[in-house]
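*Asks:* Let's have the full structure, built from the sequences with the hints guiding it.
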Amino acid sequence: MQEEKQSNSLIKQILQTISDNSLVPFLAILTAVVVGGVIIAFVGGNPILAYRGLIEGSFGSTKALSETAVWATPYIFAGLAVALAFKGGLFNIGAEGQLAVGAVASSLIGYALPEWLGYDLPAIIHLPLAVLFGVLMGGLWAAIVGWLKAYTGGHEVINTIMMNYIALNTTSFLLNGVMKDRSPTNVIARTPLIADSARIPPIFDGLRVHWGFILALLVAFGIWWLLNKTTVGFQIRTVGLNPDAAKYAGINVKRIIILTMALSGMLAGLAGTIEVTGLNYRHELGFSIGYGYDAIAIALLGKSHPLGVVLSAFLFAAMRNGATRMQFLTQMPVDLISMIQAFILLFVAADAIVRYIYRIKSKGERVVLTRGWGG
Amino acid sequence: MKKLYFVMALLIVASMVLTACGASAPTAEDCSKEEVFCVGLVTDVGKINDKSFNQSAWEGVQKSQADGVADVVQFIETSDAKDYAKNIAQFGDAGYDVIVTVGFGLGEATAAAAATYPSVRFIGVDQFQAETVAGVSGLNFPEDNAGFLVGALAAMMSESHKIGAVCGTDVVPPVWRFGEGYKAGAAYADGMNGTTTEVFVVYHSDVGFDKTFTDPEWGAQTAKSMMDQGADAVFGCGGLTARRHYRRRPGWRLRHRRGHRPVPDPARSCFPHALLRDEAHHPRSCRPDQGHQRWFHR
Numbered sequence: 001m002q003e004e005k006q007s008n009s010l011i012k013q014i015l016q017t018i019s020d021n022s023l024v025p026f027l028a029i030l031t032a033v034v035v036g037g038v039i040i041a042f043v044g045g046n047p048i049l050a051y052r053g054l055i056e057g058s059f060g061s062t063k064a065l066s067e068t069a070v071w072a073t074p075y076i077f078a079g080l081a082v083a084l085a086f087k088g089g090l091f092n093i094g095a096e097g098q099l100a101v102g103a104v105a106s107s108l109i110g111y112a113l114p115e116w117l118g119y120d121l122p123a124i125i126h127l128p129l130a131v132l133f134g135v136l137m138g139g140l141w142a143a144i145v146g147w148l149k150a151y152t153g154g155h156e157v158i159n160t161i162m163m164n165y166i167a168l169n170t171t172s173f174l175l176n177g178v179m180k181d182r183s184p185t186n187v188i189a190r191t192p193l194i195a196d197s198a199r200i201p202p203i204f205d206g207l208r209v210h211w212g213f214i215l216a217l218l219v220a221f222g223i224w225w226l227l228n229k230t231t232v233g234f235q236i237r238t239v240g241l242n243p244d245a246a247k248y249a250g251i252n253v254k255r256i257i258i259l260t261m262a263l264s265g266m267l268a269g270l271a272g273t274i275e276v277t278g279l280n281y282r283h284e285l286g287f288s289i290g291y292g293y294d295a296i297a298i299a300l301l302g303k304s305h306p307l308g309v310v311l312s313a314f315l316f317a318a319m320r321n322g323a324t325r326m327q328f329l330t331q332m333p334v335d336l337i338s339m340i341q342a343f344i345l346l347f348v349a350a351d352a353i354v355r356y357i358y359r360i361k362s363k364g365e366r367v368v369l370t371r372g373w374g375g
Numbered sequence: 001m002k003k004l005y006f007v008m009a010l011l012i013v014a015s016m017v018l019t020a021c022g023a024s025a026p027t028a029e030d031c032s033k034e035e036v037f038c039v040g041l042v043t044d045v046g047k048i049n050d051k052s053f054n055q056s057a058w059e060g061v062q063k064s065q066a067d068g069v070a071d072v073v074q075f076i077e078t079s080d081a082k083d084y085a086k087n088i089a090q091f092g093d094a095g096y097d098v099i100v101t102v103g104f105g106l107g108e109a110t111a112a113a114a115a116t117y118p119s120v121r122f123i124g125v126d127q128f129q130a131e132t133v134a135g136v137s138g139l140n141f142p143e144d145n146a147g148f149l150v151g152a153l154a155a156m157m158s159e160s161h162k163i164g165a166v167c168g169t170d171v172v173p174p175v176w177r178f179g180e181g182y183k184a185g186a187a188y189a190d191g192m193n194g195t196t197t198e199v200f201v202v203y204h205s206d207v208g209f210d211k212t213f214t215d216p217e218w219g220a221q222t223a224k225s226m227m228d229q230g231a232d233a234v235f236g237c238g239g240l241t242a243r244r245h246y247r248r249r250p251g252w253r254l255r256h257r258r259g260h261r262p263v264p265d266p267a268r269s270c271f272p273h274a275l276l277r278d279e280a281h282h283p284r285s286c287r288p289d290q291g292h293q294r295w296f297h298r
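Quick mapping for you: the protein sequence lines, in order, are chains A and B.
The first sequence begins at 1 in the numbering used here and counts up by one.
The second sequence begins at 1 in the numbering used here and counts up by one.
Just so you know, these hints were derived from the structure itself, not from any lab.
Computed from a predicted structure; not experimentally measured.
Glycine residues also receive a C-beta, built at the ideal position from the N, C-alpha and C atoms.
Heads up, a few of these hints could be off.
Pairs of lysine to any residue residues, derived as SDA-like cross-links and limited to a Cα-Cα distance of at most 20 Å, are as follows [stated by the list, open to error]:
#, chain 1, residue 1, chain 2, residue 2
1, A, Lys-63, B, Ala-115
2, B, Lys-51, A, Pro-333
3, A, Lys-63, B, Asp-93
4, B, Lys-51, A, Asp-335
5, B, Lys-183, B, Tyr-203
6, B, Lys-63, A, Gln-331
7, B, Lys-47, A, Gly-45
8, A, Lys-63, A, Tyr-51
9, A, Lys-63, B, Gly-92
10, B, Lys-47, A, Ser-338
11, A, Lys-63, B, Gly-95
12, B, Lys-162, B, Tyr-203
13, B, Lys-51, A, Gln-331
14, B, Lys-47, A, Val-334
15, B, Lys-183, B, Thr-195
16, A, Lys-63, B, Ala-112
17, A, Lys-180, B, Lys-63
18, A, Lys-180, B, Asp-170
19, A, Lys-63, B, Thr-196
20, A, Lys-180, B, Glu-108
21, B, Lys-33, B, Arg-121
22, B, Lys-47, A, Met-339
23, A, Lys-247, A, Leu-259
24, A, Lys-303, A, Trp-224
25, B, Lys-51, A, Val-334
26, A, Lys-180, A, Leu-113
27, B, Lys-183, B, Thr-196
28, A, Lys-63, B, Val-69
29, A, Lys-254, A, Leu-226
30, B, Lys-47, A, Ser-22
31, B, Lys-33, B, Ser-64
Going by beta-carbon spacing under 10 Å, a handful of chain A positions derived as facing chain B [unchecked claim]:
#, residue
32, Gly-57
33, Trp-71
34, Pro-184
35, Glu-275
36, Leu-279
37, Asn-280
38, Gln-327
39, Asp-335
40, Ile-337
*Replies:* Right, here's the structure in full:
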């Protein structure tokens, strides 16, 4: 009797936590959609038709669902990357660069390794190699910033932005130079196609959604497990909340900072890697239109919780994917989607606005995402 | 409970506002019907109002509607290269009769879509075909002719006898044709007037394909350095890169109407050829006066 009561209250507690944490984001989305609708009407469009297009285009058919999953895959990885860094008290703006590094690295292994070796590799070796190399390079790239933070105090916000420039311009250099696809008709800065053995197969024939999507969900669960069920995860969270207390408690703060950045970079690298091996089969300059920056928004909206990240990644993916259908039906500019996303973010970040509109009392606790500039 | 009522009330009001707006929904024509002629356009990663080839192509499609050729015209702007196929399929699945894909980048996706939708006619702007693709008409233009005209005009107008051109990457054949045509045009005018004009042509080939047409800062810098060297006419050929030149300094700004995309017109395009080469190669009658005005009017 006693036990039953206890488990009941536990479930209640979990549900309570979920509803407490998702109320503000949910209302923020709702408000942004209403504001977006008013703006559509204001510029002479038809909000109902526009939103119908958006929903049809993202969930209306198997093909649409598949495309939404395709969009969601890099968003989940990159969102987790930023969220994990948030948990460790670090603001990783460099997901975009780490993503590019991962994509370049894995495409290099994907197309060049068989040439170097002189024979074809079986997929069971080649594909993991390509993915792992991309992940490692992404992690290494971010670990540099972690090291700078831990040992020199260089702020990770500045350094990740700077590393973005280095990564993106190096990518441009490589893709226009040694790694460029040399086929005579090609003028685009892109690598050759990767070998068949380095490709992630699609889940269903005829649809583009690939096993990388399932991997994204598994990784999201893995990150939740890591953060909440392991010693390392506890250390990351402790350093994120209060590095001084963490140090006092005997945690090696420097090691954890580097580790957090490396893990974050690995996840971002994985986003790039999976796009190459699962979808594009090559890396092309300009393929990633700001996944790394959208990822920050996704992590914020998901409150840095892996489940929240997955859900908000889906929301962003659905909006990006449905935008085509929306434009097709209403000829509204696709920039409108960016605007609605910006509104969502604004309302989540400045949650006082949402709390004021809907008269929600604050629970008195504040979500601390990063320790600000002085940290 | 109070806040719940408030939320519900707000929702109801919002939905009422939305339905009120929705009442005036236009009835979409069904493109799958045979008698309804529909034209869809998919842009490259870019916008429909880019003052360059996306815009020119869309204006052409709109004109087809104004002229009564097409019943329905629609466009989709691509925001990520991975959506090329999806955006084309949007029109293909809706039963459109003609799909225009704008830009070299969509070449592969267009060829693939032509195989998927054999009953649809595709028009690929700036899409060179190494092997003929069934169902796709690739549009390629004599950009060298336009470049020639601009070069000749610039050389004739220039008082310092120094002229320049700021272009996107010469890896893209049309851009290269603009630049080389420009040089040839200046040389022609020199030969005609007995002048010696110094020509600076700079291609923005030092950056990637993603940036070469969208770098107005570089364009402005390069144009400025040309003017510092005494150039008094500068030609821009490279999308946005050429868009923001030299408002700050006196000097002529020569631009064709929309980025680097001339309007194909056989009567016009034979004009510079006729000047360059033997008339016998181009037996069609040429009307040069008509050609000019379109090019330099802005």
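*Asks:* Each hint needs a verdict: does it hold in this structure or not?
*Replies:* Each hint, compared with the structure:
no.	hint	in the structure
1	A:Lys-63 <-> B:Ala-115	19 Å, holds
2	B:Lys-51 <-> A:Pro-333	16 Å, holds
3	A:Lys-63 <-> B:Asp-93	12 Å, holds
4	B:Lys-51 <-> A:Asp-335	18 Å, holds
5	B:Lys-183 <-> B:Tyr-203	13 Å, holds
6	B:Lys-63 <-> A:Gln-331	17 Å, holds
7	B:Lys-47 <-> A:Gly-45	18 Å, holds
8	A:Lys-63 <-> A:Tyr-51	18 Å, holds
9	A:Lys-63 <-> B:Gly-92	14 Å, holds
10	B:Lys-47 <-> A:Ser-338	14 Å, holds
11	A:Lys-63 <-> B:Gly-95	17 Å, holds
12	B:Lys-162 <-> B:Tyr-203	17 Å, holds
13	B:Lys-51 <-> A:Gln-331	18 Å, holds
14	B:Lys-47 <-> A:Val-334	9 Å, holds
15	B:Lys-183 <-> B:Thr-195	14 Å, holds
16	A:Lys-63 <-> B:Ala-112	17 Å, holds
17	A:Lys-180 <-> B:Lys-63	40 Å, violated
18	A:Lys-180 <-> B:Asp-170	16 Å, holds
19	A:Lys-63 <-> B:Thr-196	63 Å, violated
20	A:Lys-180 <-> B:Glu-108	17 Å, holds
21	B:Lys-33 <-> B:Arg-121	16 Å, holds
22	B:Lys-47 <-> A:Met-339	16 Å, holds
23	A:Lys-247 <-> A:Leu-259	15 Å, holds
24	A:Lys-303 <-> A:Trp-224	13 Å, holds
25	B:Lys-51 <-> A:Val-334	18 Å, holds
26	A:Lys-180 <-> A:Leu-113	15 Å, holds
27	B:Lys-183 <-> B:Thr-196	12 Å, holds
28	A:Lys-63 <-> B:Val-69	32 Å, violated
29	A:Lys-254 <-> A:Leu-226	19 Å, holds
30	B:Lys-47 <-> A:Ser-22	36 Å, violated
31	B:Lys-33 <-> B:Ser-64	19 Å, holds
32	Gly-57	8 Å, holds
33	Trp-71	9 Å, holds
34	Pro-184	8 Å, holds
35	Glu-275	8 Å, holds
36	Leu-279	6 Å, holds
37	Asn-280	6 Å, holds
38	Gln-327	5 Å, holds
39	Asp-335	8 Å, holds
40	Ile-337	9 Å, holds
Taken one by one, the earlier hints fail for this structure at numbers 17, 19, 28, 30, listed in ascending order.
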